[in-house]
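In order, the protein sequences belong to chains A and B. First residue of the first sequence? That's 0 in numbering that gives the first Met the number 0, and the numbers climb one at a time after it. First residue of the second sequence? That's 0 in numbering that gives the first Met the number 0, and the numbers climb one at a time after it.
Worth double-checking, as some hints may not be accurate.
Any copy, or any two copies together, can satisfy a pair, since identical chains are not distinguished.
Stated by the list, open to error - For lysine-lysine, the following DSS-like pairs were computed, each having C-alpha atoms within a straight-line distance of at most 27 Å:
{"hint": "1", "residue 1": "Lys444", "residue 2": "Lys536"}
{"hint": "2", "residue 1": "Lys536", "residue 2": "Lys440"}
{"hint": "3", "residue 1": "Lys106", "residue 2": "Lys536"}
{"hint": "4", "residue 1": "Lys508", "residue 2": "Lys289"}
{"hint": "5", "residue 1": "Lys509", "residue 2": "Lys440"}
{"hint": "6", "residue 1": "Lys106", "residue 2": "Lys509"}
{"hint": "7", "residue 1": "Lys444", "residue 2": "Lys289"}
{"hint": "8", "residue 1": "Lys440", "residue 2": "Lys106"}
What the hints contain is simulated information worked out from the structure, not anything from laboratory work.
2 protein chains.
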Amino acid sequence: MSGELVFLPLGGAGEIGMNLNLYGFGPPGERRWLMVDLGVTFGDAAQPGADVIMPDPAFIAERRERLEGLVLTHAHEDHLGAVPYLWERLQCPVYATPFTRSVLKRKLDEVEVSPEIIEVPMSGRFTIGPFDLELITLTHSIPEPNAIAIRTALGTVLHTGDWKLDPGPVVGPVADEDALRRVGSEGVLAMVCDSTNVFVPGASGSESGLLASLTGIIGGCEGRVAVTCFSSNVARLETIAAAAAANDRNTGLAGRSLRRFDAAARENGYLASTPAFLAEDEVGFLPRDKAVIICTGSQGDPRAALKRIADGGHAHVTLEEGDTVIFSARVIPGNEAAIARLQNRLTALGVRIVTERDHLVHVSGHPARDELVEMYQLVRPRIAVPVHGELRHMVEHANLARDCQVPEAVVAENGAMVRLGPGRAAIVERVPSGRLAADGKRLIKVDGEAMRGRRRALFNGVLVVTVVLDSDGMLAAPPRLTALGLLEEGEMAEPVIAAVEEAVRSSGKKAPLDDDAVAEEVRIAARRVFREIYGKKPVTSVHLVRV
Amino acid sequence: MSGELVFLPLGGAGEIGMNLNLYGFGPPGERRWLMVDLGVTFGDAAQPGADVIMPDPAFIAERRERLEGLVLTHAHEDHLGAVPYLWERLQCPVYATPFTRSVLKRKLDEVEVSPEIIEVPMSGRFTIGPFDLELITLTHSIPEPNAIAIRTALGTVLHTGDWKLDPGPVVGPVADEDALRRVGSEGVLAMVCDSTNVFVPGASGSESGLLASLTGIIGGCEGRVAVTCFSSNVARLETIAAAAAANDRNTGLAGRSLRRFDAAARENGYLASTPAFLAEDEVGFLPRDKAVIICTGSQGDPRAALKRIADGGHAHVTLEEGDTVIFSARVIPGNEAAIARLQNRLTALGVRIVTERDHLVHVSGHPARDELVEMYQLVRPRIAVPVHGELRHMVEHANLARDCQVPEAVVAENGAMVRLGPGRAAIVERVPSGRLAADGKRLIKVDGEAMRGRRRALFNGVLVVTVVLDSDGMLAAPPRLTALGLLEEGEMAEPVIAAVEEAVRSSGKKAPLDDDAVAEEVRIAARRVFREIYGKKPVTSVHLVRV
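Just chain A, same shape as in the assembly (with noise of 0.2 Å):
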């Protein structure tokens, strides 16, 4: 056997968020491909006009004959929401299991792309191409996530996925502690892992802990009563209905992404002894101290329930003074002005807000230290590759490796190759990565003309000015001028106007100019009056036109 066992990351090594990792097995030129999971993440200012965001998958597109298969570890967006947008590109099989399955086959419903999804059991253990795969049941804030163990003839690798070890997940068993001690008894070459909360000291709370206290602060509501979660955490779903229901309030969905994971998860058993959820139009009709209602939108994100509901034009559901909206999930970095913004309109409703910073609302889905550090008691890999993280995460991650006694930490981000074995661990190549963002139909690059073309009209504005020359280089009629995002209402172009005529004129009196030099003088001339007059440099063009 020679070769190389190679680790990739093309997303999610350098952020948290846009996962795709991938495996490489055989001599460089004639190696064969796994992809562990394909996800999206979200904008932001930086990509005006963009709805998500994904990892440029150019490289592995390019060898997609090669690539042998993409499993999901679960089925959150960072790691499935990309499979719509780029699937096409890479025409493999793709492996979940049932609950993942279902979730991707409600996405793929709203587009036209029809992958071979397979379907693989919890605890499987499955062959693609020259990778022996097991799946060990983790815990994290969402059913069925999975660690891999990715078994080669060059050694094991544990590819985490994102987890937390959590002794009562409500939803789902325990991480199966056995399996990874039983994986790490027979030797792992490398641990590939989480590192979102390498910087949270302690353990991350158990989701059963939750109960307790929603129910309590639930019980001390008198009015209507929101509760705000990720949709796909059915655990916490499962939780705010029984809180609802020991204070002997019925439960109610807002949100279509809310009624989508639950039929996901009821299809999949889960649920199983939580009444059905009733209908935003139900709900809307209980007495306000009898009815709970779970609503999307706890990211401040202004099409989801909540923040219809904040704004009075929700069809269904009306909050007031006395009532009460629980966030029962964290901030994510880049939301808080989206987020306070919610809030205040809330509190302009009278809207009592419950939080994680006054109340115990949420537990994370992620390991804090305590758990990473149990995490490499039980697997004790030779070769440490944080991912999942910001530099920062990821270099704190590996120091915390080293303390645990791991031989080496490699760290890499996305577009860095990593050599597992033979031999030490090292970046052997990089590869080219980058970003696509979904905007309108099409995927375009991030640091692409499209979007370089919007940042600079953002702070510059846009100017156009149409000139029509005659032969001798006279105006055949007024110059027309568009200025976007420059003038004010009732602010008049005429200075623009009058430096294009000069610049037409005076180069009329120059040596014969050809029009690419008229129109670069009359670029100038007008671009000049914007700088002087108010101080901005537009992107400025010019339509000559020759009659």
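Given chain A, put chain B in place with the hints provided.
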């Protein structure tokens, strides 16, 4: 004495930052006004291209002949930063204590605005129109923070400004609780008070508590140490220098704003026992284990010293493996992502990062709940008017005031005029308020046409089409097109050109259309191509020229 005493916030009531408070005395129509503070806030993605944001002073600018003066409580940007931009519209005398006056004069040196700045002493008492003012020294994260007791014939208002109760402020005296108690005993009609940290339990902690902690942290460092904090926090500069000296290190400053505050402080007798800070070029020559560099840039600002150092672009200072950066400042909400990018850059250099998450390196300058309670016990106002907070902070503050036995609490957002007396406090009028953005050389409305145009361009891209028609309505030249933010490298505009040509042809076959109608057909045709091919709806305009 007829008329009323009113309070009218135009900035800062509904947001943290950008303060503009007005007090009016007399019958409506003859009211004489006092302004307290005139600050800025920082723009975000919703104000593309803007440098800073400030309150729209139109209401008071229209009445400036009855604006008697502007008093500045302290020298933070959100309290005086708008003076250089707005004073010409107000033309009133400005009152400030010595340090605040020094800071303001340095800002005004950069612009051509020369208000009369009347220096008033700490604890000074002076009259502005019908208002009898007494300054009361408090503590805050800057020298010379003042509350103002505003005495009128209709009662006394205590306007707190920004404050905390710090038993060891390092620079300046402790808060003058005797004066607060004395004014309280005279009887206070209303207290207009800082809400920033109303959700924070306990007390804010003392500036003096940082010396031991910073001395210990720096003592544990082997390489160069950089500390980033707010430039205006003169006490922090003194503490950092003392912690450096205790470890046999010299301290330098990197960043223009730090040098300006250092100069303003020393000019007024502060930092007298702190040796002169080294300049950037001097500190660059010190042995790495003998240097502490205080840097601007705690919020990740790309133009500040720390970002330039992290990017390797600073002329005199570098950081490398083994060095440490201490973030001795809070994270201003909205800056999380920029700070994370900065910290990741530093991590990539091998620099260790210390933040308030892991060590005692910062205390807030605003009152936590226990301090608010103590202030209400000292002042005992009849009416509480929370300011300097988002709505959720102000509502929580009003609840806390009621818990403190304050008989009335009024939550008033920007533009809400509160009658403080005579009679029950109430919002009696709503006046126009808004925000202006400093944009190039001028101020534009945040919700005006120029900003709206930029936001539209941002999400959709911009398309401008030029068609030149002859007198028969035929194209006299090929159409020209500018598409900004729409096409990727190598993508061609041919389909759009073809659609434009077809639109001109087909409109030529209809009953004679006027130019506007043809232009509209061209606009719709061009836009449709982008919608159908790319799924985008660009902001589209057409320059139709008839020759």
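Which numbered hints fail: As far as the earlier hints go, 4, 5, 6 and 7 are violated by this structure, in ascending order.
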